Amino acid sequence: MKDNTRERRRPGRRPPAVLIILGCLGLAVFVIPLAGLLARTPWSDLPRLLAGDVVTDALRLSLLTSVVATVIAALIGVPLAWLMARVEFPGRALIRGLVTLPLVLPPVVGGAALLFALGRRGLIGEPLGEATGLLLPFSTWGVVLANTFVAMPFLVITVEGALRNLDQRYEGAAATLGAGRWTVLRRVTLPMIAPSLVAGLVLTWARALGEFGATITFAGNLQGRTQTLPLAVFVALESDRDTAVALSLVMVAVSLAVLVVHRERWWKAL
Amino acid sequence: MSGHRLIVLAVPVVALAACAGTVEGPTSSEGDGTATALQGDLLVSAAASLADAFAEIESAFEAANPGVDVHLNLGSSSSLRQQVLEGAPGDVFASANTSNMDQVAEAGETAGDPEIFARNRMQIALPAGNPAGITGLEDLGNEDLLIGLCAEEAPCGVFGRAVLENAGVIPLIDSNEPDVRALLTKVEAGELDAGITYVTDVLSTGGGVEGLDIPEDVNVVADYPIAALVNAPNPDAAAVFVDFVLSEQGQAILNGYGFSSP
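Each protein sequence line maps, in turn, to chains A and B.
Residues 0 to 269, numbered by numbering that gives the first Met the number 0, are exactly what the first sequence covers, in order.
Residues 0 to 261, numbered by numbering that gives the first Met the number 0, are exactly what the second sequence covers, in order.
One or more of the hints may lead you astray.
[What the hints assert, rightly or not] In silico negatives: residues of chain A with every beta carbon more than 10 angstroms from chain B:
1. Trp42
2. Leu104
3. Leu114
[Unchecked claim] Which residues of chain A face chain B? A partial, calculated answer using Cβ under 10 angstroms:
4. Pro136
5. Thr139
6. Gly209
7. Leu236
Hints listed in this document are in silico derivations from the structure and should not be mistaken for laboratory results.
For clarity, every value in this text was computed on a predicted model and none was experimentally measured.
For glycine and all other residues, C-beta sits at the position ideal for the given N, C-alpha and C.
With the rest of the complex left out, here is chain B (with noise of 0.2 angstroms):
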C-alpha cells in the first residue's frame, strides 16, 4: 500500500547496480520485504472512455505495486466482451455499461460479483464560449440552431436520445455523428451549436468544449461496473487492482476525470 516507502527502497538498489556498471533493469525491487509483494503481468480490459483515467490508475497502481506490470487493453465494452467470452486471456475486465459485464457474469467468468466503479452522466456540449446562447435542453428544439447528436446506433446515441425524450425535447436535428469523437470536434470547431455527450467527454477536450449541466431528473446515468476474471492468469494482483481501482485513490483519480463514485 506504501508506495512512497517502496520507491525509498528502489532507489539505492537503482544507484548500487549503476554504480556495478552492469544495469539489468530494476529486476532486483522484487521480494522487497512485504509478505504479500504482488507480481507478474497484469492484463486490465477497459472500455475505451476509460483510457485517460485507467492510465493514470496503471501508473499509480504501478508506483503501488512496482513488481506489476499494467497493460491496458482499450476497446468498445462490446468488443471486449466478446473477447472475454472467447476465451482471449485477461485478467480484469471494466465496461462502460452493466449489459456487457452482465453477459460475461452470466457466463461464469467473472471472479465474484461484478461491482459498479464509476459512474458517467450525459452533459449539454457546447463550443467555448457558447456563442449560441443555449441556456438547457429546449434550445435543441430550436430549428435556427445547428444540432449535432450521436447516431441511434452508437451508445453516446441512445444516451443523448432517451436524455430528450425524458425531457419532452424534440430535437431538430443536423447531423448524427458516427461517434462521440466526431461530436465533439464539430462542435469544438463551432460548427455546431449544441451535442449531447459524456460529462468525461467534455472534460477530455480541456476546456476546448464546454459543458451545461443537464437537470438530474431527466439525466441518464451509465453505470460502470469492474470484474476481476474467473480464468485470470494473475488472479492475485487482478484482486488487489479491482480494489484499488474502488479505493479512494482509484476514486480520487476516477473523479478527476469528470466519473462520478457510485
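The shape of chain A in the complex, shown without the other chains (with noise of 0.2 angstroms):
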C-alpha cells in the first residue's frame, strides 16, 4: 500500500511493481532452463567433449547450411516479399498465408510435406531423379532445403513489411530524376530497408541454424551429412548427456553471440 502511495505522488520515477514482478516472471521463462543447461555442464571435460568429430562435424554442417539456406532465402524471398508488398494481385491474402505457415507448422510436418513432394517416391522428386540422378533426402542439399523452407517466413515477413512501410515518394523522385527502375531498386529502395533486410537476414539464419524437426524428418541423421547441431543433441540425449549439454552450450553461445551482437545495431528496424 505504502508503496502505491509513494508511486502516485512520483509517477514515472519507478516502473509499476506488478509490471516488474511480471516481467521478471517472463525473464525467468527464459533464464531458467539456460541455467539448467549450465549446471548440467560438465565443465572440466569440456574442452575433451567439444574435440570429439560428432562436434566438430555437427557444427561445420550446421554453419554451413544454415548461411547457404539464409543466402538462398535472400536470393529468392526478397522478390517474394517485393512482389507482395508492390503488386496488387488476386489471392495476395491467401498467398501471405500460404508464405506464414512454416512459422506455425510443426516443423515435423513441413519435413514430412517435403518428402512427399520432394522425397525419391515424391510427387516432384521422382521425375526429377529419373532425370537428373538428383537425390535430395539424406544429403546436404536436403538439410539446406528443409532449413530453407523453415526459416525463410522470418525474411519474407520482414522485408514486406518494411516495403509496404516505406514512404514511396522517395523512389518516385529517383525516378522523376531519370533514374532506372532497377537503379531505384538498388540504390533507393534496398539501402531505405536496409534494417529491416539484416534484421529478416539474422532471423532467418538463427532458425535455420536452429533447426530441427524438418531436417530429421526430411533429410534424416548422418555425422558429417546431415547431423546438424540439433540432431546430434537429440540423438546424444538417449545416451551420452555430456556431450548432448556440451553441444547444447555451443548452439547457445554461437546464436546468442550473433543475436546480442546485431540486436542492438537492427532490432529497432522490426
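Using the hints, put the two standalone chains together into the complex.
Printed below as a string of C-alpha cells:
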C-alpha cells in the first residue's frame, strides 16, 4: 500500500511493481532453462567433449547449411516480399498466409511434406531423380532445403513489412530524376529497408541454425552429411548426456553471440 | 478360467438391471460363485513394444476375470524400471530386455524370479514389393542403396549393428534414425531401401513394410521377462496375470504380434 501511494506521488520515477514482478517472471521463463543447462555442464570435461568429431562435424555442417539457406532465402525471399508488398494480384491474402505457414506448422509436418513432394517417391522428387539423378533426402542439400523452408518466412515477413511502410515518394522522386527501375531498387529501396533486411537475415539464419524437425524428417541423420547440431544433441541425449550438454552449449553460445551483436544494431527495424 | 460361463452369467444380471431401470454399472457380476474370483485394479507396466499385444491380452484377461480392471502403463523399459525402483505403485512389470528386469530383481522388487515370456528377433525391413531387390544382409553394404538403421543410442540400433557385425557386413548407412518408428516410416515411404528392426515392428505396419528373415546363426534375440512386483497392491491378480501371459492363450496372442515363445 505504501509503495502504491509513493508511486502515485512520484509517477515515472519507478516502474510499477506489478510490471516488475510479471516482467521478471517472463524473464525467468528464458533464464531458468539456460541455468539448468549451465548447472549440468561438465566444465572440466568440456574441452575434450568439444574436440570430439561428432561435435566438430555437427558445428561445421550447421554453420554451412544455415548460411547457405540464408543466402538462398535472400535470393528468392526478397523478390517474393517485394511482389507481395508492391503488386496487387488476386489471391495475395492467400499467398501471405501460405508464406507464414511454416512459422506455425510443426516442423515435422514440414519435413513430411517435403518428403512427399521431393522425396525419392515424391510428386516432384521422382521425375526429378529420374531426369537428373538428384536425390535430396539424406543429403546436405536436403538439410539446406529443410532449413530454407522453415526459416525463410522470417525474411519475407520482415522485408515485406518494411517495404509496405516505406514512403514511396522517395522512389518516385528518384524515378522522376531519371533513375531506372533497377537503379531505384538498388540505390533507394534496398538502402532504405537495409535495417529490416539485415534483421530478417539474422532471424532467418538463427532459425535455420536451430532447425530440427523438418531436417530429421526430410534429410535423416548421418554424421558429417546431415547431422546438424540440433540432431546431434537429440541423439546424444539418449546415451551421452555430457556430449549433449556440450553441444547445446555450443548452440547457445553461437546463437547468443550473433543475436546480441545484431540486436543492438538492427533490432529497432523490426 | 472359463470366460464363457462368466459372460453367460453376467448377461441375465445386466438384463435384469436394465429392466429395473436403475443401471449402476455391472457391479453385480462380482462374487459369481468361483471361490477365487479376483477383483480390483491391476497396474501392468509394460515395454512400449508390447503395446498392441498387451492390449489384446488385457481384453482377454478381463474377459476371464471380470472383476479385474487392467491398466497398462507403457513406456521404455528403462523408464519403467526407474519408476519401479523409485517406488511408483505397480503390480506387474514386463520388460523388453533382461538388463532392466535384472536390476529390478536385484533390488528385491520382484515377487519370485522373473520369467521369460516372449522373444523378439531382428528382421530386415523393406518397402512393400522390395523395389531394390534386396536378398540379404550383404546388400546393406551396397553403396548404391539407401540404408537406414536406428541410431546407435537406441536399443534397435544396438541390435541392428550386432546383427551386421555377426554377419561380417560393414553397412553403408545413409541415415541413423532416432527411433524405430522414424526408421519404419522412411522404409514404408520407399525413401530408404532397407533397415533393420524387430520382427514385431515390421508386423505392426500391417503390410506397409515387408520383412526379410535374418539367418538364425547371425540374428540377435531379445528376451522379454515378466514378474509380479513384491509391493503389488493387488498381489493375487498380479500372479494370475503373469500366469495368463505365460499360458497357451497368452502365448497365442503374443505369437500373433510376431513374438516367439521361449
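Hint check:
1. Trp42: It holds; tryptophan 42/A is separated from chain B by about 24 angstroms at its closest Cβ, greater than 10 angstroms.
2. Leu104: At about 18 angstroms from chain B, leucine 104/A clears the 10 angstroms cut-off, so the statement holds.
3. Leu114: Incorrect as stated: the minimum Cβ-Cβ distance to chain B is 6 angstroms, not above 10 angstroms.
4. Pro136: Cβ of proline 136/A sits 5 angstroms from chain B, so the hint holds.
5. Thr139: violated (12 angstroms)
6. Gly209: At about 17 angstroms, which exceeds the 10 angstroms cut-off, the nearest Cβ of chain B leaves the hint on glycine 209/A violated.
7. Leu236: Result: holds, 8 angstroms to nearest chain B Cβ.
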